Each structure stands twice: as structure tokens, then as C-alpha cells.
Amino acid sequence: MTTSNESTPTPAFDSSGGSVRTWLTFTALTFALGGLLYPTVTTLIGGALFPAQANGSLIVQNGKVVGSALIGQTFSAERYFIGRPSAAGSGYDPRAASGSNLAGSNPALRKRVQADSAAIAGREGVQAPQIPADLVTASGSGLDPHISPQGAAIQVERVAKARNLSAEQVRSAVSAATESGLGQPRVNVLELNLALDAAKP
Amino acid sequence: MTIFLTYATVLLLAWPLGLYIARFMRGEGTFSDVLNPVERSFYRLLGVRFNADGSAQGMTWQGYAKALLFSNLFVGLIALLIFAFQGTLPLNPDKVANMPWWLSLNTAASFITNTNWQNYSGQSQLSYLSQMVGITALQVMTPAAGMAVMFALLRGLMGGQAGRDGQPQAGNLGNYWVDVTRLSTRLLVPVAFVVALLLTWQGVPSTFSSAKTANLVEAQTITVDKEATTVSTQTIPVGPVAALVAIKQIGTNGGGWYGPNSATPLENPTPLSNLIQCISIILIPVALIFALGAFLRRPRFGVMIMGIMSVMSAALTFAAVMAERASNPALAGLAAAGGNLEGKEVRFGSDATALWAALTTGTSNGSVNGMHDSFSALGGVTAQISMFLNDIYGGVGVGFINMFVFVVLTVFIAGLMVGRTPELFGRKIEVREMKIASIVILLQPLLILGLTAFSLATPSLTANLNPGFHGLSEVLYAFNSMYANNGSAFAGLGTGSSVWYNVAGACELILARYLPIIGPLAIAGLLSVKKVSPETSGTLRVDTPVFATTLLTVMLLLQLLNFAPALVLGGVSEHLVGSVKPVTTPAATRPAQTRPTPPQLVLNGASK
Numbered sequence: 000m001t002t003s004n005e006s007t008p009t010p011a012f013d014s015s016g017g018s019v020r021t022w023l024t025f026t027a028l029t030f031a032l033g034g035l036l037y038p039t040v041t042t043l044i045g046g047a048l049f050p051a052q053a054n055g056s057l058i059v060q061n062g063k064v065v066g067s068a069l070i071g072q073t074f075s076a077e078r079y080f081i082g083r084p085s086a087a088g089s090g091y092d093p094r095a096a097s098g099s100n101l102a103g104s105n106p107a108l109r110k111r112v113q114a115d116s117a118a119i120a121g122r123e124g125v126q127a128p129q130i131p132a133d134l135v136t137a138s139g140s141g142l143d144p145h146i147s148p149q150g151a152a153i154q155v156e157r158v159a160k161a162r163n164l165s166a167e168q169v170r171s172a173v174s175a176a177t178e179s180g181l182g183q184p185r186v187n188v189l190e191l192n193l194a195l196d197a198a199k200p
Numbered sequence: 000m001t002i003f004l005t006y007a008t009v010l011l012l013a014w015p016l017g018l019y020i021a022r023f024m025r026g027e028g029t030f031s032d033v034l035n036p037v038e039r040s041f042y043r044l045l046g047v048r049f050n051a052d053g054s055a056q057g058m059t060w061q062g063y064a065k066a067l068l069f070s071n072l073f074v075g076l077i078a079l080l081i082f083a084f085q086g087t088l089p090l091n092p093d094k095v096a097n098m099p100w101w102l103s104l105n106t107a108a109s110f111i112t113n114t115n116w117q118n119y120s121g122q123s124q125l126s127y128l129s130q131m132v133g134i135t136a137l138q139v140m141t142p143a144a145g146m147a148v149m150f151a152l153l154r155g156l157m158g159g160q161a162g163r164d165g166q167p168q169a170g171n172l173g174n175y176w177v178d179v180t181r182l183s184t185r186l187l188v189p190v191a192f193v194v195a196l197l198l199t200w201q202g203v204p205s206t207f208s209s210a211k212t213a214n215l216v217e218a219q220t221i222t223v224d225k226e227a228t229t230v231s232t233q234t235i236p237v238g239p240v241a242a243l244v245a246i247k248q249i250g251t252n253g254g255g256w257y258g259p260n261s262a263t264p265l266e267n268p269t270p271l272s273n274l275i276q277c278i279s280i281i282l283i284p285v286a287l288i289f290a291l292g293a294f295l296r297r298p299r300f301g302v303m304i305m306g307i308m309s310v311m312s313a314a315l316t317f318a319a320v321m322a323e324r325a326s327n328p329a330l331a332g333l334a335a336a337g338g339n340l341e342g343k344e345v346r347f348g349s350d351a352t353a354l355w356a357a358l359t360t361g362t363s364n365g366s367v368n369g370m371h372d373s374f375s376a377l378g379g380v381t382a383q384i385s386m387f388l389n390d391i392y393g394g395v396g397v398g399f400i401n402m403f404v405f406v407v408l409t410v411f412i413a414g415l416m417v418g419r420t421p422e423l424f425g426r427k428i429e430v431r432e433m434k435i436a437s438i439v440i441l442l443q444p445l446l447i448l449g450l451t452a453f454s455l456a457t458p459s460l461t462a463n464l465n466p467g468f469h470g471l472s473e474v475l476y477a478f479n480s481m482y483a484n485n486g487s488a489f490a491g492l493g494t495g496s497s498v499w500y501n502v503a504g505a506c507e508l509i510l511a512r513y514l515p516i517i518g519p520l521a522i523a524g525l526l527s528v529k530k531v532s533p534e535t536s537g538t539l540r541v542d543t544p545v546f547a548t549t550l551l552t553v554m555l556l557l558q559l560l561n562f563a564p565a566l567v568l569g570g571v572s573e574h575l576v577g578s579v580k581p582v583t584t585p586a587a588t589r590p591a592q593t594r595p596t597p598p599q600l601v602l603n604g605a606s607k
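Residue numbers (numbering that gives the first Met the number 0), protein chains in the order written: chain A, 0 to 200; chain B, 0 to 607.
Calculated from the structure, these hints are not laboratory results. Worth double-checking, as some hints may not be accurate.
Unchecked claim - Restraint-style ranges between C-beta atoms, simulated for each label pair:
(1) Leu23(A) with Gly418(B): 48 to 56 Å
(2) Met0(B) with Leu23(A): 48 to 56 Å
(3) Thr457(B) with Ala117(A): 36 to 44 Å
(4) Arg20(A) with Ile438(B): 28 to 36 Å
(5) Gly26(B) with Val19(A): 23 to 31 Å
(6) Met433(B) with Val19(A): 31 to 39 Å
(7) Glu156(A) with Val502(B): 54 to 62 Å
(8) Leu559(B) with Leu23(A): 53 to 61 Å
(9) Lys63(A) with Val302(B): 16 to 24 Å
(10) Lys94(B) with Leu23(A): 28 to 36 Å
As the list claims (entries may be wrong) - Each computed DSS-like pair below joins lysine-lysine, with the alpha-carbon atoms no more than 30 Å apart:
(11) Lys94(B) with Lys211(B)
(12) Lys110(A) with Lys225(B)
(13) Lys63(A) with Lys211(B)
(14) Lys427(B) with Lys529(B)
(15) Lys530(B) with Lys434(B)
(16) Lys63(A) with Lys94(B)
(17) Lys65(B) with Lys427(B)
(18) Lys94(B) with Lys427(B)
(19) Lys530(B) with Lys427(B)
All of these numbers come straight from a predicted model, not from anything done at the bench. Every residue gets a Cβ at the ideal spot worked out from N, C-alpha and C, and that includes glycine.
Take the sequences, apply the hints, and build the full model.
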């Protein structure tokens with residue numbers, strides 16, 4: 000047992016915070032362990048356990064990559080379901096992923112929504128109040144692969160007509176592509192269009 | 000529903016985690032002692048000196064501060080060089096170019112300060128080497144540094160680090176190298192590893208291969224400058240993303256791999272990955288408050304701090320959710336009513352995005368899963384309030400440090416009000432401590448309002464995307480976020496290519512990180528060598544509801560009143576103008592919008 004500490008003078012504590020050698024060693028350790036070891040080990044193990052997800056959840060058809068299940072694409076033809084407006088480059092360009100960053104008070108947003116709303120109303124033959132908000136708003140990433148089930152529902156008639164399918168057949172394809180559970184119910188536009196192409200080109 | 004699930008899971012996980020942190024930081028045995036040999040080899044490399052009894056040599060507050068500052072300086076400088084020369088360095092499969100000096104400076108300053116403000120777009124402006132070694136390494140080190148300082152401060156409040164005999168050694172705040180090492184090896188890296196694997200499972204890329212190319216299902220003809228070109232492929236950037244995203248959330252860093260951060264489907268693919276990331280944002284900040292009570296052996300004090308933070312968190316989450324449930328005014332009459340979805344992803348919807356916004360701005364994390372610039376006016380105001388307070392759980396370690404300054408101030412004010420000597424845990428708070436606390440408190444309005452005013456008064460520098468009141472909010476948000484070391488942004492502001500925002504931002508980031516850390520550390524150092532007066536019935540107690548209410552009032556009054564005029568000129572006015580507007584008036588003819596808008600929309604600014 001040591002003797003009582005009440006009267007012992009304070010032991011010598013370090014007031015220098017180390018030397019240049021310490022700081023450089025710490026820097027080297029930080030980069031080696033945090034920058035190389037941690038991400039390398041994590042990336043390799045993650046890639047080995049979940050190879051499909053680790054490589055971008057790619058959809059391959061006949062040996063060709065046709066997209067990623069996580070990323071939307073631009074569609075404009077009558078026979079396709081159409082996704083949300085995109086502010087990512089020329090549309091759904093992952094290298095230029097971006098939201099519009101337009102504020103609700105910005106006249107530019109109002110103008111864009113007016114144009115989109117009119118185009119959708121004309122294309123689908125619906126009234127403005129029937130158009131769900133997701134179809135006239137740009138997503139945060141500009142890559143959103145989903146639309147709301149209501150957003151798909153108003154497109155069913157047009158797609159069915161263009162493909163010579165019954166509305167019922169298209170509707171069942173929509174419900175097959177609808178994800179629910181945790182989060183908002185949503186329809187993956189790319190997967191839906193691919194499923195329709197596979198069923199009836 | 001998701002909101003309760005998030006809070007409940009966090010509380011359940013954070014409690015045992017906090018007790019575990021307190022144990023290993025006190026040097027008591029835990030299962031993680033298997034790492035002892037590894038850590039000892041680091042200490043040998045670092046040249047840590049040990050006392051005869053086997054404990055590491057303690058540091059005074061000056062020594063602790065110098066160890067932090069100088070090691071950060073060197074790490075920051077090397078990171079800056081990596082960004083500036085990434086084009087010629089290895090691990091660059093997509094041939095990314097060097098960063099200009101001002102962007103390298105801002106990026107290095109931003110990551111060394113745990114801010115992760117991003118004036119670049121990661122998937123196209125950073126090489127894999129920069130992302131891993133430059134970004135990820137700093138995302139591991141800086142939260143450990145922040146937490147280390149918190150424990151040094153707590154030791155000061157207890158009269159110094161306890162020796163082997165259990166007696167506090169006045170002036171000894173602990174050993175910085177030991178603290179940082181333990182917090183990294185025993186907490187940050189293992190937790191981040193688990194989170195990274197969960198995220199990979201959900202679809203976050205985890206590979207060293209270069210970007211993938213997809214053949215579009217329907218080729219598109221686009222017209223750029225009247226020239227029609229056909230786009231038939233889509234480039235899908237991948238990389239070692241999951242490891243970065245995990246530590247970005249666990250360490251309240253916030254800087255993402257992709258420009259739009261966790262709004263990007265590759266960075267946050269599913270509602271489940273969103274829940275995992277939401278939990279990760281506040282897991283350690285909350286755990287540290289549990290750790291604080293246990294470490295100090297003053298659980299009531301811990302409960303008081305936790306109570307204040309939780310009340311503020313719940314109130315601001317509620318406000319943000321309500322604000323984002325309202326329809327976007329630009330859609331009035333043009334689409335069905337519903338939550339504000341501009342800048343938000345369908346898979347999350349407005350509630351989960353508003354919850355995320357409240358958590359990320361309260362904790363100095365700054366990652367986003369939707370674009371804050373397109374939030375409703377009041378949604379933007381709640382995010383700004385969270386950042387002004389900056390201690391709603393707060394950044395790892397620094398959250399309590401920020402609140403500590405106000406604890407000191409409140410003790411002083413309350414002491415004067417009731418006519419007692421202001422004391423914190425039996426140690427007198429005197430002129431020197433109050434001077435330091437006042438400087439730290441005054442720095443915030445000085446920097447944020449000063450830089451905002453200057454940027455607005457010089458139109459060639461302003462670079463706002465949105466006109467009117469919102470343009471003011473964009474600039475205020477930028478300097479607020481950088482001061483809070485947060486990193487979220489009203490990303491329409493064209494900061495990416497602006498030398499002004501890059502350089503002024505770098506200066507603000509550094510001042511706002513280190514002064515508010517060093518000041519409280521100094522106070523703790525000064526307090527630790529003071530004589531303890533025994534607690535009597537006349538002592539002002541700091542763990543009572545009365546003190547909690549006083550503390551909350553002082554914080555709200557001092558911090559929010561400073562910024563109330565700026566908030567009223569920005570978001571509040573925007574909201575009021577929007578709500579009196581008749582829905583039939585086309586927005587384009589409104590008279591208030593005469594501010595010149597700069598020409599380009601800066602795409603790469605999205606993530607900040």
C-alpha cells in the first residue's frame with residue numbers, strides 16, 4: 000500500500016503533448032489503420048458475403064447489364080411507365096446525381112411543376128388533383144427508382160393501350176413490382192418496365 | 000411509427016453501450032481487453048511513457064490540447080496533399096483530376112474538424128485513394144479525438160484522473176494517445192464494421208472495381224445547346240462505399256461517398272438501410288451521455304443532461320415532421336395534396352426524411368437523406384435551430400462539451416441569483432473560467448452572423464440559387480452548418496467553385512472546432528487543481544429539475560435570441576409570404592423576388 004496521497008506533490012504530468020516524432024507516427028497510424036486497413040478489410044469481407052449488392056445490384060439480361068435495381072432510368076415511350084422528374088444531369092445520370100435544390104418559394108419550381116403537371120395531365124388523361132406529388136417533384140438524388148402506387152395507377156391505361164394488354168394485366172404487373180412493409184409503399188419503375196417487356200415486348 | 004422505432008432502438012442499444020464505454024475509459028476490465036497487446040504496440044510506436052505502476056503518463060490540459068492540435072495539424076496537412084495530388088497518386092481507376100488548392104484546403108479543414116462539409120461531389124471528384132485514405136481515415140480519427148476530449152474534461156471535473164490508489168491527481172486529464180486509441184479500437188471501428196456489413200447486405204456497394212456501365216432499356220435523345228445526342232448508357236459509380244458510409248454515421252461525420260449523400264439509392268438503398276443509418280447517427284451520441292453519468296459516478300447529472308437533450312430532440316423532430324407533412328406551396332393546384340416531396344425519395348417519404356433532418360442537425364452529423372434546400376420554410380428553420388444549439392445529443396464527445404460551456408454559465412448565473420458562490424461539483428467557478436466560457440459563447444454569433452452579413456452584402460460572392468428570403472437562408476445555413484461542424488447544407492448555394500466560400504469556410508471550420516474544444520478543456524484543467532469544498536445543504540445542486548430548467552432557458556435565450564432576427568428575415572418571412580399568397584396567383588409574378596439569381600446550378604454541391 001502506498002502512503003496517503005493527501006500531501007504528496009503532484010506527479011510530473013506531460014505538458015508538451017508529445018514531439019514531432021509522436022505526431023508524425025500518429026499521422027501514419029491514422030492513415031494506415033483508418034484509411035487502409037479498416038476500409039480494405041471491410042470492403043473485401045462485405046464483397047465476399049454479398050457479391051451482388053456489393054457491385055451495385057446490377058440487373059443482367061442476356062449477358063448485358065441493363066441497369067441497377069437501385070437506380071432509375073429515363074423513360075419516355077408510350078409503352079413504359081415513367082418515373083419522377085430528375086435533376087441529375089440530363090436525367091438519371093448517377094455521375095451528376097443531384098436534387099433540384101429549389102425552394103418551395105422559388106418561381107422556377109412553380110414553373111417546372113406547371114409544365115410537368117400539364118404534360119402528365121395530357122398524357123394520362125387525368126385532372127391535376129389526381130396527380131400524386133411524387134410525379135411532379137424531383138427526388139433528392141435525381142436517381143429515385145421508385146414512384147408511388149398512385150403514380151403508377153394513373154399510367155396503367157396508357158401503358159395497357161400501347162402494349163395491347165388489358166388494364167387488369169398491367170395492374171397485376173404493377174402490384175407485383177410494388178414493395179411495401181417498412182417505409183413508404185413504392186413501385187420500382189425499371190423493374191416494372193423490364194417485367195412488362197419480358198411478358199409482352 | 001418509424002420515429003418511435005428509431006428512438007426506442009437507440010435507447011435500448013445506447014444504455015449498455017454507454018456503460019461499456021465508461022468502463023473501458025476508466026481502465027476497468029471489459030471483454031475488449033483482448034485488444035491490449037495490439038494497443039500496447041501502438042503506444043510503443045507513439046512513444047507513450049508509462050509510470051511505475053503501469054498506467055500511462057498523464058497530461059495537463061495544455062499537454063492534452065497540444066497533442067490534439069499538433070496531431071490534427073499533421074493529419075490535416077497530409078490529407079490536403081492527397082486531395083491536391085490525387086490525379087497522379089495510385090488507386091484512381093476512374094482517372095479523377097487533382098483538386099485546386101482552395102478546394103483541397105476546404106476539404107481537409109472540413110474533414111479534420113469532423114464537419115464533412117463537401118464542396119465537391121465525391122463520385123466524380125475524388126479518387127478511391129482520397130475517399131479511403133483521405134476521407135475515411137479522418138472519419139475514424141476525428142470522432143475519437145472529440146470523445147477523448149470529453150473524457151479529459153470529465154476527469155477535470157472529478158479533480159483529475161484517478162491514480163491506482165483511487166485518489167484524483169490534480170491537473171492530470173489523462174493521456175490523449177491512450178484515449179484516442181481505445182475509443183477507435185474498442186468502439187468506433189468494431190461498430191462501424193458491423194454497420195458496414197449490414198449496409199452492404201442492403202445494397203451499398205463494397206468493391207474496388209471501377210464504375211459499371213449499363214445499357215439503358217430505352218435510349219434517350221437529349222438536346223444540349225441545340226445539338227441532339229443519343230444517350231444509350233448509364234455509368235454507375237461504385238467503390239468501397241459501405242465502409243465509408245458506416246463510419247460517416249457512427250462518428251457523426253456526415254460526409255458521403257456520392258454527392259447527394261444518403262439520398263442516393265446506392266448509399267442508402269432501402270427503408271431498412273435508412274433505419275440502420277438513422278440509428279447509427281445518434282447511437283454513440285446518446286451512449287456517451289449514459290457513459291457520462293457512469294464515468295462521473297453522478298448518474299443524476301447524466302439523467303439531467305439526457306433529459307434536456309431528449310426534450311429538445313423530441314420537440315424539434317415533431318416540428319420538422321409537421322413542417323414537411325404540409326404540401327409544397329409550388330404544387331398548389333397542380334397536384335394532389337400530400338407531404339413535401341421535392342428533394343425527397345419515395346422510399347423514405349416526408350416523415351423519415353424530416354426525422355433524419357432533426358437527428359443529423361442536432362448531432363453535428365450533417366449527412367442528409369433529402370435535400371434540405373427544398374424543405375418547407377419552417378422545416379429549414381427547425382434544422383437551423385438544431386444547429387445553433389448544436390448539442391441535441393451533439394457530435395460525438397463535442398455535444399456535451401458544447402453544453403458544458405452553458406452548464407458553467409448557468410452555474411454562474413444561478414449562483415449570483417441566489418447569492419451563493421458559483422461552484423460546479425464543489426469547485427469554484429471564478430473570473431478566468433468565466434472569461435473563457437464567454438469567449439467561446441461569443442465566437443458563435445460573431446462568426447456566423449459576420450460571415451453571413453459579409454457574403455450577403457457582397458453580391459458577387461453570394462451565389463444563392465433561390466431568390467428572396469430563401470436566398471438569405473441559404474447563406475445563413477452555410478455558415479451555421481460550418482460553425483456547428485455539421486456539414487449539411489442548403490445545397491443550392493454555389494459554394495463549390497467559389498474561392499470565397501472555400502477559404503472563409505475553412506477558417507470558420509477550424510476556429511469553430513478547436514476554440515470550443517480547447518476552451519472547455521482549459522476550464523476543466525483549471526477546475527481540477529482547485530480545492531474541493533464539501534457539498535452541504537447550501538450547495539447549488541446541478542442535478543435537479545430546477546437546474547435543468549434554468550440551463551435550458553439560458554441556452555435557448557442566449558443562442559436563439561442571437562439568431563432570431565436572421566431566422567425571421569429568412570425562413571419565417573418566407574413561410575409568412577407563402578401562406579398569405581392566394582393559391583391562384585402564379586408565383587412568377589410575385590413582386591418580392593427581385594434578387595438576381597446567379598446563372599448556374601452547382602450540381603456538385605448537393606451533399607455538403
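- With a cut-off of 30 Å on the C-alpha distance, tell me whether lysine 94(B) and lysine 427(B) pass. Outside the cut-off at roughly 59 Å; violated.
- Can you let me know if the beta-carbon spacing of glutamate 156(A) and valine 502(B) is within 54 to 62 Å? Distance hint for glutamate 156(A), valine 502(B) holds at roughly 56 Å.
- Is 16 to 24 Å right for how far apart the beta carbons of lysine 63(A) and valine 302(B) are? Cβ of lysine 63(A) to Cβ of valine 302(B): about 60 Å, so the range 16 to 24 Å is violated.
- At the C-beta level, are leucine 559(B) and leucine 23(A) separated by a distance inside 53 to 61 Å? Violated: the Cβ-Cβ distance is about 43 Å, outside 53 to 61 Å.
- Item | Pairwise hint evaluation, lysine 225(B) against lysine 110(A), where the allowed Cα distance is 30 Å at most | holds, 22 Å
- Query: Falls inside 28 to 36 Å, the C-beta gap from lysine 94(B) to leucine 23(A)?
  - Reply: Holds, at about 31 Å.
- Is it true that the CA of lysine 63(A) sits at most 30 Å from the CA of lysine 211(B)? Between lysine 63(A) and lysine 211(B) the Cα gap is close to 12 Å, so the pair holds against 30 Å.
- Message: For the hint 28 to 36 Å, verify it against the beta carbon of arginine 20(A) and that of isoleucine 438(B).
- Response: holds, 33 Å
- Can the restraint linking lysine 63(A) and lysine 94(B) be considered satisfied, given a maximum Cα separation of 30 Å? Status holds; Cα separation ~25 Å.
- Query: Are the Cα atoms of lysine 427(B) and lysine 529(B) separated by 30 Å or less?
  - Reply: holds, 7 Å
- Within 30 Å, alpha carbon to alpha carbon, are lysine 65(B) and lysine 427(B)? Roughly 26 Å separates the two Cα atoms, so the pair holds.
- Item | Distance restraint between lysine 530(B) and lysine 427(B), which requires alpha-carbon spacing of 30 Å or less | holds, 8 Å
Against the hints set out earlier in the document, violations occur for numbers 8, 9, 18.
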